[in-house]
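Visitor: Work out the full structure, taking the sequences as your base and the hints as a guide.
One letter stands for each residue in the lines below.
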Amino acid sequence: MGHLVQPPVLEPMAQDRTMILNMGPQHPSTHGVLRLILEIDGETVLRMMPDIGYLHTGIEKTYEAKFYQQCVPLADRMDYLAPFSNELGYCLAVEKLLGMDIPKRAVWMRVLLTELTRIQSHLVWLGTHAMDIGALTVFLYCFREREDLLRLFEAIGGQRMFTSYFRVGGLAMEPPLDWFDRVRKFVDAFPEKVDEYENLLTGNPIWQRRIKGVGYISAEDAIALGATGPTLRASGVDVDLRRDNPYCGYENFQFNVPVSTDGDVWARYVCRVQEMRESQKICKQALEGMPMEGPFKAEAPKVVLPEREKMKTQMEALIYHFKIITEGFTVPAGEVYMATESPRGEIGFYIVSDGGPKPYRVHVRAPSFANLQALPKMCEEQLIADVVAAIGSIDIVLGDVDR
Amino acid sequence: MAIEPAITDIEQLKDRPAVARLLAWNAEAVQGAKFDRGELTVWIKRECIRDAVGMLREDSELKFDYLADVTCVDWYPSEPRFEVVYHLFSTVKKHRVRIKVKLEGSDARIDSVVPEFPSANFCEREVFDLFGVHFEGHPYLRRIMMPEDWEGHPLRKDYPVEGYR
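Sequence lines, in order, name chains A and B.
In this text, residue positions in the first sequence follow our numbering: the first is 15, and each later residue adds one.
In this text, residue positions in the second sequence follow our numbering: the first is 2, and each later residue adds one.
Honestly, the hints are just simulated from the structure, not real lab data.
A portion of the hints provided could be inaccurate.
Stated by the list, open to error - Simulated restraints on C-beta separations:
hint	chain 1	residue 1	chain 2	residue 2	range
1	A	190	B	46	54 to 64 Å
2	B	59	A	275	20 to 30 Å
3	B	165	A	165	39 to 49 Å
4	B	138	A	368	31 to 41 Å
5	B	138	A	324	55 to 65 Å
6	B	141	A	257	34 to 44 Å
7	B	52	A	209	33 to 43 Å
8	A	193	B	39	40 to 50 Å
9	B	7	A	205	45 to 55 Å
10	B	9	A	313	29 to 39 Å
11	B	158	A	337	24 to 34 Å
12	B	135	A	333	45 to 55 Å
Where is the CB? At the ideal position from N, CA and C, for every residue including glycine.
Guide: Following this line, the structure appears as structure tokens:
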């Protein structure tokens with residue numbers, strides 16, 4: 015009701031020439047419930063103000079009421095297109111608080127799954143972005159591959175999207191027997207699929223004219239406004255946390271970071287498509303180097319749940335299981351800020367522990383929230399139709415913005 | 002990776018570039034420092050926050066040009082109740098620092114850093130909305146997540162998880 019009671023105001027600068035246009039929150043191309051208030055002069059956008067909060071669910075407050083292990087599914091639900099990236103950020107943050115090492119096999123599995131998520135997320139972005147602009151076919155191609163990936167996630171975690179497969183201290187369970195073969199099949203076939211998308215779009219003159227030179231943002235503005243991830247790299251700022259501040263074993267992988275200096279929607283398109291190819295390379299390296307034997311959970315009985323089999327045969331395992339489920343595990347007091355590179359950019363988990371079994375405070379630095387601030391700058395002096403292209407190009411997820 | 006004990010003695014942290022530069026800039030503004038789990042935290046006096054982040058951004062050696070995040074922690078019922086937390090990152094040097102400011106619960110006001118970092122705009126609105134901390138000089142300090150007519154600040158510790166019934 016609040017927004018109806020007293021809507022955010024945007025006073026027209028020149029009363030006689032301009033008008034205020036409301037876009038969203040139910041607009042199909044705003045990728046969720048984003049409301050934009052535009053001041054337009056004819057077809058030209060003079061100013062823009064995003065109005066958010068329609069999906070605010072108080073996840074940060076909920077965190078404070080849950081045990082550490084219960085928070086993993088919450089991390090999933092913020093960014094529903096990249097659940098593994100969020101889980102990874104959360105688990106790494108808690109592990110850093112605990113000072114815990116996790117086995118190599120779990121590390122490599124995490125890298126593999128995070129990169130598959132990146133591909134999955136970029137596929138949804140490419141399909142919907144192209145559809146917003148009018149290239150409907152690409153959507154079907156992208157969702158074909160996305161479906162394959164979701165089936166892989168379902169096979170490993172039991173759910174298509176919110177798998178909660180990463181746990182504090184490792185992974186939830188062993189992957190099924192034929193899972194790696196299925197992943198290998200997908201990864202080997204994937205570069206050809208990217209060629210297919212590029213065949214449909216990259217050389218297409220309509221696509222080029224529609225997005226080249228549109229939604230420009232300079233490197234200085236992108237940094238000042240806090241743009242992150244591919245949006246920042248497309249403006250020529252070479253930052254990728256996987257390479258710059260390696261976490262979770264990324265230092266063992268060889269990959270390029272695509273950077274463009276054009277700063278427009280086209281540059282962001284090129285960067286993300288290249289990123290899909292780079293992610294495929296990382297997946298391939300992860301599959302080749304993955305240790306096939308060994309534990310997938312850390313040896314920390316007070317934190318990590320025991321395996322089912324042990325619970326039925328060993329008294330201690332049963333006790334620890336009972337203790338973790340009913341009382342949670344305690345985390346030494348302190349605070350960490352764990353920044354990782356999600357498909358949309360830097361996602362940071364700032365966790366404060368007071369030594370108890372529940373986090374004292376969790377704050378999520380959401381990449382979509384940061385990128386949204388750069389959107390008004392991109393849309394200044396652009397046509398209304400190009401606003402849609404600009405929204406698509408920052409790959410916004412409103413669940414991530416509002417939390 | 003066992004946890005190393007946190008270093009809280011500012012004398013031992015003087016060789017850290019960010020601490021050294023801040024001390025050289027204005028030793029009175031620095032209230033304390035901590036190095037824990039590989040992360041550096043510096044407490045700054047409330048009055049100096051805008052100038053301090055501006056200095057960190059402009060400094061040619063540090064180049065903290067990217068404000069990753071602004072948030073807040075509520076230590077209710079102890080005082081000073083609020084801690085506003087700034088996470089700075091350098092896109093050139095790729096290093097990080099955390100700046101903190103302590104605020105009394107009865108006087109939860111602080112200078113906005115939007116003039117230095119435009120990206121603080123939404124973050125400070127979020128802190129204002131969810132914690133009730135006022136940022137002076139902010140261009141558009143209104144609720145961002147909660148409805149305009151909402152009562153209370155949900156992320157405060159004295160606000161019940163289920164909300165007021």
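Visitor: Can you tell me whether the CB distance of residue 59 of chain B to residue 275 of chain A sits inside 20 to 30 Å?
Guide: holds, 24 Å
Visitor: Does the Cβ-Cβ separation between residue 52 of chain B and residue 209 of chain A fall within 33 to 43 Å?
Guide: violated, 53 Å
Visitor: Quick check: does the Cβ-Cβ distance between residue 9 of chain B and residue 313 of chain A fall within 29 to 39 Å?
Guide: At 31 Å between Cβs, range holds.
Visitor: Is the distance from the Cβ of residue 158 of chain B to the Cβ of residue 337 of chain A consistent with 24 to 34 Å?
Guide: With a Cβ separation near 26 Å, residue 158 of chain B and residue 337 of chain A satisfy 24 to 34 Å, so the hint holds.
Visitor: So does residue 135 of chain B sit 45 to 55 Å from residue 333 of chain A, Cβ to Cβ?
Guide: holds, 50 Å
Visitor: Residue 138 of chain B and residue 324 of chain A, beta-carbon distance inside 55 to 65 Å?
Guide: holds, 59 Å
Visitor: Return holds or violated for the Cβ distance of residue 141 of chain B and residue 257 of chain A against the range 34 to 44 Å.
Guide: Holds: the Cβ-Cβ distance is about 36 Å, inside 34 to 44 Å.
Visitor: Using the beta carbons of residue 190 of chain A and residue 46 of chain B, state whether their distance is inside 54 to 64 Å or not.
Guide: holds, 57 Å
Visitor: State, for the Cβ atoms of residue 138 of chain B and residue 368 of chain A, whether the hinted interval 31 to 41 Å holds or is violated.
Guide: Given a distance of about 32 Å, which is inside 31 to 41 Å, the answer is holds.
Visitor: State, for the Cβ atoms of residue 165 of chain B and residue 165 of chain A, whether the hinted interval 39 to 49 Å holds or is violated.
Guide: Hint holds: Cβ distance 45 Å, inside 39 to 49 Å.
Visitor: Are residue 7 of chain B and residue 205 of chain A spaced within 45 to 55 Å by their CB atoms?
Guide: holds, 47 Å
Visitor: Do the beta carbons of residue 193 of chain A and residue 39 of chain B sit within 40 to 50 Å of each other?
Guide: At 34 Å between Cβs, range violated.
Violation of the numbered hints given earlier is confined to hints 7, 8; the remaining hints are satisfied by the structure.
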